[in-house]
Each structure stands twice: as C-alpha cells, then as structure tokens.
Amino acid sequence: MLSDNKREEGKKGEERAFVALKKNGYKIIEKNYRNPLGEIDIIAEEDGYLVFVEVKKRNTLKFGSPLSAVDGKKKRHIIRSAMYYLKDHKCFDKKVRFDVVGIDGNGVQIVKHAFMAE
Amino acid sequence: MRCPLKGLVGGIDEAGRGPLAGPVVSSCVVWKELPVNKCGVADSKLLTERKREDLFPWITDHAYRVGVGIATSEEVDALNILNASLLSMERAVHYAGVTPDLLLVDGNRTLKSFPGCKAVVKGDRKCFYIACASIIAKVVRDRIMNSYHLLYPVYNFRQNKGYPTKIHKMLIGDHGVSPIHRKTFRGVKERLA
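These protein sequence lines map, in sequence, to chains U and B. Under the working numbering, residues 1 to 118 are what the first sequence spells out, in order. Under the working numbering, residues 1 to 193 are what the second sequence spells out, in order.
In isolation and in its complexed conformation, chain U is listed as follows:
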C-alpha cells in the first residue's frame, strides 16, 4: 500500500509530465486509462501517432535513470493494455508509438519511441 505522501508525489509528477507533453504539442486523449489488462498513464496524439505514455519519476539517480525503471514486465503490461485500447476504441487508422516521460531533480525529459520490444 502506498502512503498518502507517495501518492501525492506521483500525482505531482504526472501533472508535470502532462504540462510538458502539452507544451510539446501532444493532444491528450486520456489520463490514467485503466482496463482489465493494466493501466496507462497518458494516452495522447502527436505527429499522426497514437502515443501511449508511461510516466516515471525518480527523486535520486541512485537506482538508475527513470528510463531504466521501465522493465520488460512493465513493457509487456503496457503493450497488452495498449492493444486492448486499440480494439476497444477501434483506433486502427493511427500509427502506434510508446513514449516514456522521465522526471527527476533536473527536470522533465520526453523520450519518443522508448520501447524496443524484443
């Protein structure tokens, strides 16, 4: 169970990611999308793509960069719920992309095409 403090922090991070994405021309479609297969932080449209965004916040770099926090298992979950979303919403006319927004002490970083699934 997350403490209220932690949840508060997570929310703040997502808010910062949200602002940064908007500033970079992303059209936000959904936030905290949930389905039986998992959760996706932000779903947006950018440059003709339907983008599934994972937000990662790190206070220190002690455990590696925010990007390395998205491991294979997490990726599989995101891909599966993204597939579910595509079918559910019949969004077949847009290309699909996965981005990660990394947040740490230094600021916000958007990484496009973050997934290279094996």
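Simulated from the structure, these hints should not be mistaken for laboratory data. Note that beta-carbon positions come from the ideal geometry of N, C-alpha and C, so glycine has one too. You can trust all of the hints, since none of them are fake.
Sample of chain B residues at the chain U side, in silico, Cβ under 8 Å: (1) Glu74; (2) Arg91; (3) His94.
The calculated label-pair distances, taken between Cβ atoms and stated as ranges, are: (4) U/Lys95 to B/Leu34: 32 to 38 Å; (5) B/Arg186 to U/Pro36: 30 to 36 Å; (6) B/Lys6 to U/Lys6: 55 to 61 Å; (7) B/Lys45 to U/Asn106: 50 to 56 Å; (8) B/Glu190 to U/Asp47: 27 to 33 Å; (9) B/Lys6 to U/Arg80: 30 to 36 Å; (10) U/Lys23 to B/Lys126: 54 to 60 Å; (11) U/Lys12 to B/Lys6: 56 to 62 Å; (12) B/Gln159 to U/Lys12: 52 to 58 Å; (13) B/Lys45 to U/Gly25: 41 to 47 Å; (14) U/Asn35 to B/Lys118: 21 to 27 Å; (15) B/Gly18 to U/Pro36: 31 to 37 Å.
Using the hints provided, position chain B relative to the given structure of chain U.
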C-alpha cells in the same frame, strides 16, 4: 482444399513476419458464397509472383469484401512481431468493413476481439479462404517493398523483399541500417551504431 460454409465467411493471413525490413501486411477476404471456379487459388508460397499478380484482380473482383491492414516496421519494433501481426490483422478486418459470420485465421491463434473466429493450422495450404487472403497480403507487401526499393536501392528490396538472404545481410553490413529495418531483429540489432 475444401471448406464449404454458409453465410459471410472471411479468411485472414499475414505476410512478412520473417523479414528484417518493411511492414507486416495482413489481408481479410470475405466471401458471400464460394465461387464456382477457383481459378487455381493456392497458398501464396506455392505460387509464382506472376501467378499471384494474376490472381490478385480476380480475388478483388469476385470477393464480397477485401480489407488490408499494415503494421509498420516501427510498430514491429515497439510491439514485437507477434503483437504487430495481430494488430495488422485487426486492421485488415476493420478495413474489410463487414463482420463476417465466420473468420478463419491461419495458424494457431485467434483474434481475441472476434467471437466468430477460428484458427486453422496450416490454413494457407488447406483452406481456399485463407489462401486468398495470403495472396492479397503477399502481393500488397511485395508492392510496398518494390516501392521501398526505389527509396533505398542499395538493399535490393525488389529481389529480397526484406527477407534475410545472404546478400541482404551482406548489404546491411556494407551500408548500415535503413529507416525501414526492424531494429529489434537479430541481424539488424548488431549493426546499429
């Protein structure tokens, strides 16, 4: 090759799971009734390129609906090849524009979103519906690769269609990786700078 069935029957097949470059293409061909003359339709792999090109217009003329779905090399890298080919299949069904009563899929997996879906192992050999879809998918993908040949002539995509031939692998070694190469595939991955 006999599968006489009632109602709207569709077949799905995909082309381009193995190649190191280019998209994976699926086709969904839906029939109202089985044509009297099957004009020599067989698995796309058993036909010559010429024969497939001849059958292509015959299928599009006689079938009730034809849908084509594509997943790009970028999507193959992002989703992995299995999910990308499933996505291309979903797109193909979507663009066919009808909901068939029965949908026959080549292989051992069905489309989860589609209740009337049945997997036919080795369906491209056994089933007319799937054979037709395999021809459409193969022809469309070949045409795409022929166009990519004009854009990236050094890889000779017109001949290898992106498949991992000895010469293709050698050309990747000589010229590096193009934007349509699948960056997560073995044989390409190692060449990334």
